Each structure stands twice: as structure tokens, then as C-alpha cells.
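Protein chains: 4
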Amino acid sequence: MTKARLEAFSDGVIAILITIMVLELHVPHDVTWSALGPLVPIFLTYVLSFVFVGIYWNNHHHMLHAADRINGKVLWANLHLLFWLSLIPFVTGWLGQNHVAPNPSAAYGIVMLMAAIAYYILAHTLVAAQGPDSRLARAMGGDRKGKVSVVLWAIGIGLAFLNPWLAVAVYVGVALMWLVPDRRIETHAPARSA
Amino acid sequence: MTKARLEAFSDGVIAILITIMVLELHVPHDVTWSALGPLVPIFLTYVLSFVFVGIYWNNHHHMLHAADRINGKVLWANLHLLFWLSLIPFVTGWLGQNHVAPNPSAAYGIVMLMAAIAYYILAHTLVAAQGPDSRLARAMGGDRKGKVSVVLWAIGIGLAFLNPWLAVAVYVGVALMWLVPDRRIETHAPARSA
Amino acid sequence: MTKARLEAFSDGVIAILITIMVLELHVPHDVTWSALGPLVPIFLTYVLSFVFVGIYWNNHHHMLHAADRINGKVLWANLHLLFWLSLIPFVTGWLGQNHVAPNPSAAYGIVMLMAAIAYYILAHTLVAAQGPDSRLARAMGGDRKGKVSVVLWAIGIGLAFLNPWLAVAVYVGVALMWLVPDRRIETHAPARSA
Amino acid sequence: MTKARLEAFSDGVIAILITIMVLELHVPHDVTWSALGPLVPIFLTYVLSFVFVGIYWNNHHHMLHAADRINGKVLWANLHLLFWLSLIPFVTGWLGQNHVAPNPSAAYGIVMLMAAIAYYILAHTLVAAQGPDSRLARAMGGDRKGKVSVVLWAIGIGLAFLNPWLAVAVYVGVALMWLVPDRRIETHAPARSA
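Protein chains in written order, with my numbering: chain W, 1 to 194; chain D, 1 to 194; chain C, 1 to 194; chain R, 1 to 194.
Treat the hints with caution; some may be incorrect.
[Unchecked claim] Pairs of lysine-lysine, DSSO-like flavour, derived with a Cα cap of 30 angstroms:
1) W/Lys-73 with R/Lys-3
2) W/Lys-145 with D/Lys-73
3) R/Lys-3 with R/Lys-145
4) W/Lys-147 with D/Lys-145
5) W/Lys-3 with W/Lys-73
6) C/Lys-73 with D/Lys-145
7) D/Lys-3 with R/Lys-145
8) W/Lys-3 with R/Lys-3
9) C/Lys-73 with D/Lys-3
10) D/Lys-73 with W/Lys-3
11) R/Lys-73 with C/Lys-145
12) W/Lys-147 with R/Lys-145
13) D/Lys-3 with D/Lys-145
14) C/Lys-3 with R/Lys-145
15) R/Lys-3 with W/Lys-147
16) R/Lys-145 with W/Lys-73
Just so you know, these hints were derived from the structure itself, not from any lab. Predicted, not measured: the structure shown is a model, and the values here were computed from it.
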């Protein structure tokens with residue numbers, strides 16, 4: 001019951017974030033295809049952020065599915081994650097409206113880095129609540145992917161000031177790395193999760 | 001449990017899409033009935049898109065109701081469908097503000113075609129997850145309606161460049177075809193779905 | 001399960017409608033109390049519409065709680081109700097920005113009348129799905145309140161053209177009539193609903 | 001079942017409120033870091049309000065978790081709370097755009113005071129519905145924190161006219177007081193809530 005509500009609230013926030021990003025795609029007043037031209041970078045950053053939000057939703061889903069116990073610390077670690085996710089529409093808009101300039105690219109990486117750290121904290125708070133021998137603890141293992149993405153986001157932020165397109169390339173790489181579903185948890189809980 | 005969360009997240013996104021479309025109906029500053037005049041085409045395209053979103057919600061509901069197993073591929077196929085649905089407010093606004101011009105009519109059809117294809121992919125991913133002898137597999141059958149609507153959307157896109165009103169007529173036809181509830185699934189699972 | 005999703009989707013739409021209405025309260029740039037002055041009629045119409053949306057949520061909640069069977073017709077009757085509810089932010093904004101002028105007052109009543117009719121249709125579709133001897137059928141009885149409010153909304157629309165304040169007075173009367181919780185259903189299902 | 005829907009609806013409204021506040025962070029057209037400068041006070045008030053909304057969600061969660069019975073009065077007491085919470089984005093925006101001026105600081109406190117009173121009413125309505133010997137009644141005890149925060153909000157409103165920064169300091173103090181999770185309820189219901 002408690003877990004259901006944590007999931008429902010997170011789903012609500014994540015669903016709204018996705019749709020808020022769509023609002024950045026302002027309807028053009030002209031009916032020519034070229035009127036859609038200025039929207040292309042906004043659309044592409046929307047796709048990128050949609051994929052990241054989808055990854056978070058997917059991983060959040062799998063992780064909570066493998067959890068049995070929720071406590072007050074988990075609720076706040078989850079709110080902390082939602083806080084950083086809530087800033088994604090802002091940095092997505094800043095990046096998309098400015099055709100991949102250095103500062104917006106770095107800002108995008110900073111918010112994503114903070115979200116990755118917040119997810120890491122949530123994962124460890126959840127594992128602590130389950131106990132060391134829990135199904136979730138075994139499933140998470142060393143959380144290599146989580147650590148690698150924190151490093152990649154940090155690298156991307158640095159690259160943004162050299163060449164923002166390099167930063168975006170790193171960000172796309174992070175997305176590709178996560179698009180492979182988290183086999184660890186699915187494998188350890190096949191009967192219930194799959 | 002897993003299915004419940006997939007449904008809840010989809011419901012959240014779909015509910016927000018419907019209400020985002022209402023925001024295109026800007027409150028006029030004048031109090032005359034004629035001040036509502038320019039809103040009429042926006043209102044009518046809102047009605048059309050509301051019906052389509054309602055059809056998706058209804059079919060999604062019936063289809064998932066008949067499904068017992070969810071896996072990682074289903075989660076992503078569902079996110080893919082939500083992505084195309086999330087673009088409906090944009091093309092609805094473009095169509096409504098421009099009184100059925102060729103390009104917006106075609107754009108509307110393109111997004112709807114992609115959503116129809118995404119739904120088709122989701123349906124087949126779900127059936128594959130249930131196994132060939134599953135209740136859902138029997139209920140889906142050949143999915144004739146799904147195939148017909150993909151063809152109709154493609155025809156509508158072509159017609160948009162000849163006469164956008166013909167395209168809209170085809171789109172209304174697709175809506176009418178789907179407004180008949182999907183008897184296939186209701187019939188095969190009467191005790192639980194109906 | 002089916003009922004749960006119908007409720008969840010309706011809750012999502014209704015929750016968003018409430019918060020969309022708040023967006024009409026534009027943050028003033030000035031810091032004087034008098035800068036809030038022009039917002040007073042917008043605030044009061046927000047309160048009125050919040051109460052109506054709350055009434056709909058409450059009655060919807062009680063009615064579905066007493067229902068055991070959902071079918072395809074109920075899903076569409078529910079979407080039809082949500083459609084008219086989705087127009088409440090628009091007419092609320094038109095009424096609030098124009099200090100109770102005749103046309104916006106009438107438009108408010110028209111949308112509310114259509115919502116009341118849609119609720120009536122939903123109630124009867126639900127009762128039909130349960131069967132004549134069902135708990136819901138007994139609880140609904142003659143649905144006197146539902147019929148009275150349809151009549152009151154119609155009267156209010158007519159009065160709007162004579163004196164819009166009279167119309168608003170009738171609308172407030174409808175709200176007061178419904179603020180008394182629907183004892184019929186609570187009485188017939190005390191152990192589960194109360 | 002009834003409780004689940006009350007929770008789901010509240011979650012929906014609260015999730016949307018959080019994300020509506022983010023919309024106040026308008027994407028700047030410039031790509032310099034200094035373009036973010038004017039957003040700093042808006043960001044800080046967003047953080048403050050995010051924390052308060054998170055506190056309400058957390059406490060609401062714990063309180064309803066310990067409740068077994070819901071009645072019509074609880075539904076309206078809950079809607080009353082949601083009404084005041086729905087005004088938080090407005091006062092947050094007014095405060096943030098005006099760099100902590102007296103009137104917006106007082107308005108922020110007034111809405112928060114009303115929300116605190118509404119929560120207090122909801123808590124007592126819920127306890128009344130459970131009966132004097134209930135788990136919730138024991139867990140709530142004298143509700144000292146609830147009473148203290150009502151007093152602190154009132155003090156903050158008064159201080160806003162002397163020095164708005166003092167008011168904000170009091171508001172931050174209220175947040176810190178609540179950030180400590182409500183041990184009372186968790187302690188009395190460890191097996192289910194924690």
C-alpha cells in the first residue's frame with residue numbers, strides 16, 4: 001500500500017514532466033513546412049529528454065518492484081529525485097532554444113548529474129531499508145551502470161565548454177547505455193517483474 | 001502490480017494530454033458571442049482529438065486488461081506509443097489555428113499514423129509476452145481494425161495535399177470506425193472485462 | 001481492476017482541471033495589495049468552479065463505489081462527462097475575466113448543464129450495467145437531485161440574459177444543494193463507503 | 001478502496017502543483033550564465049515551496065496510512081486542504097518575482113497558514129471518523145507540531161510587514177521542523193508504515 005502510493009505520486013510527477021516539455025513546442029502561426037524549421041532543435045532535445053525520463057521511469061519501476069519495505073528516508077530520497085527531474089523541462093528548453101550552446105549544454109548535464117546522484121542515493125536508501133540479504137540488494141549488485149553514468153555526466157559537463165556537441169554526444173551515449181533494460185533486476189525477479 | 005503501474009502512468013500522460021489541448025482554447029477578452037467565432041475550428045479539432053485520445057485510452061484499457069504478463073520490451077513499446085500521443089496537442093493546435101490547411105492536416109495524419117503504428121507494435125509486443133495460446137492472442141485475432149486504420153491514415157496524409165477537407169473526412173471516418181467498442185476482446189473475456 | 005482504472009483516469013483529468021483553473025490567476029508584477037484587486041472576480045469564479053469540480057469528484061466517487069460492473073458504454077459515458085468537465089476552465093476564465101457579463105454567465109451555465117446531463121447519462125448507463133435489483137439502482141432511486149440540477153442550470157442560463165448576477169445566484173444554489181453529501185448512496189452502503 | 005481513491009486524487013493534485021511551480025522558471029533567451037541571475041530568487045522560492053509540498057505529501061501519506069475509515073466529511077476536508085495547496089504556485093510566483101517584498105511574503109504566509117489550518121481540520125475529521133481508541137488517534141496524540149506551525153505561520157505573517165526576510169526565516173524554520181519525519185505515526189504503526 002505504501003509502495004503503491006510512492007509509485008503513483010512519482011508516476012504523476014513524471015507524466016506531467018513529459019507533457020510540460022511538449023509545451024515548449026509552440027504551435028507556429030504559419031502553415032509552411034519551413035515554419036516548423038525553428039522547432040527542429042527543440043523537438044530533438046524533447047526526444048532526448050523524453051528518453052531520459054522514460055529511462056528513469058523504467059528503472060524506478062524495476063527498482064521499486066524489487067523492494068518490499070519503504071520508510072520515511074525513502075520517501076524523501078524519492079522527493080529529492082523528483083526535484084531534480086522537475087528541472088529537466090527547464091534545461092531542455094534552454095538547450096533546445098539555443099541550438100546547443102555551451103552554457104545550456106552544461107546546465108543540462110548538471111541537472112542530469114544531480115538526478116543521477118539522487119537516483120543513486122534513492123537506490124542505496126532503498127537497499128538499506130530492505131537489509132543486506134534482500135532480493136533488491138542482490139539485484140542491484142555493485143550498481144556499475146549508476147556509477148558509470150555519474151562519471152559520464154561529469155565528463156559531459158566539462159566537454160560542454162570545449163564543444164557542446166561533444167557533450168551532447170556523451171549524453172546520447174548515456175541514454176543508449178540505459179536503453180538496454182536493467183537485466184540485473186529482471187533476472188533476479190523474473191516471475192514477478194517480467 | 002507491474003501492470004497496474006504501467007496503466008497508471010499511461011493514464012496520467014493521457015489525462016494530461018487531453019487537458020493540454022484545452023489550453024489552446026484561449027479565453028477571449030471580449031464578451032460577445034462573436035468573440036467565440038475564431039475558437040470554433042480550434043474547438044472542433046479539440047473534439048476530434050479528444051475522441052481519438054479517448055479511443056486510445058479505451059483500447060489500451062481493454063488490451064492491457066486481457067494481458068497477464070509485462071516485460072521490459074512492453075514498457076518501452078508503451079513509452080513509444082505515449083511519445084507519439086504526446087505530439088497530438090501540437091498538431092491539433094496547428095490544424096485548429098489554421099482552418100484545415102494542407103500541411104497541418106498532413107502533419108496531423110502523420111502523428112496519428114505514427115501513433116497507430118506504435119499501438120500496433122505495442123499490441124504485438126504484448127501478445128508475444130503472453131504466448132501464442134494466450135487469451136490476448138485469441139482476442140486480438142488478425143487485428144484487422146489496426147491494419148485498416150494504418151492504411152486510412154496513410155491515405156488521409158496523401159489526400160491532405162489534394163484537399164485538406166477530404167483528409168479530415170477520412171480522419172473522422174477512422175474515429176467512427178473505432179468508436180464501436182472492440183467487441184473482440186470484450187467477447188473473449190466477458191466475465192472480467194465487461 | 002477495470003473500475004480502478006476508470007477511477008484513476010477520471011481522477012487524473014479532474015485533478016488537472018482544478019490546477020489548470022489556478023493558472024488563470026496570473027501573478028501580478030506589482031507588490032501592492034491593490035495589484036490583487038483585478039484578480040478578485042477570477043478568484044471567486046475559481047472558488048465556485050473548484051466547488052463544482054469537487055462535487056463531481058465526490059459524487060463520481062460514491063457512485064462508482066456502489067458499482068460492481070463496468071462495460072464499454074460506461075467507459076464512453078465517463079469520457080463524455082470528462083469532455084464537458086474539461087471545458088470548465090475555459091468558461092470559468094471567460095466569466096472571471098469579465099466580471100459576470102451576460103454571455104459568459106450563460107456559457108458557464110451551458111457547459112455546466114451539459115456536464116449535468118452527461119453525469120445523468122453516466123449514472124443511468126452504470127445502473128443499466130448493474131441490473132435493476134443492484135445496490136446502485138436502489139441507492140440512486142429516482143435521482144431527484146440530478147433532475148433538479150438540470151432544471152436549475154437551464155433556468156440559470158435563461159436568467160443570465162436578464163441579469164447575470166441572478167444566474168450566478170442560481171449556480172451558487174446548485175452548489176449548496178450538492179454540498180450536502182449524497183446520503184442515499186452512503187446510507188445504502190454504509191459499511192463500505194463510510 | 002475508498003481510501004485508495006482519496007490518496008490517488010490528492011497525489012494527482014499535489015504532483016501537478018509541484019510541476020506548475022516549475023513553469024514560473026521561464027527559459028531565458030540568452031545563453032549567458034548571467035541570464036539565469038533573475039531566476040535565482042524564483043528558484044529559491046520554488047525550492048522552499050517544493051519542500052513544503054513534499055512535507056504535506058509525506059504527512060498526508062503517513063496520516064492516511066494509519067486511517068481505516070473514510071466518510072463524506074473527510075472527502076470535503078481533504079478537498080479544502082487541496083484548495084489552499086492549489087494557491088501555493090500563485091503566492092510562490094508572487095514572492096519569487098518580487099525578491100521578498102512585504103506583501104508577497106505575507107500572502108505566502110497567509111496561504112500556508114490556511115493550508116496548515118485545513119490540514120489540522122482534516123486530521124481531526126479523520127480521527128473523529130476512526131473513533132477515540134483508534135490507531136490514528138493514539139498516533140496523532142496532541143498534534144503539537146500541527147499547533148506550533150499554525151502559530152509560527154501567524155508570527156511570520158506579522159513579521160513580513162516589519163522585515164520580509166524575518167518572515168522567510170520563520171518559514172524556513174517551519175520547514176526544518178517538519179523535515180524530521182513524523183515519528184509519532186511511524187512508531188505506532190511500524191510494521192505497515194515503515
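Exercise for review: Report the numbers of all earlier hints that the structure fails to satisfy, in ascending order.
Suggested key: 4, 7, 12, 14, 15
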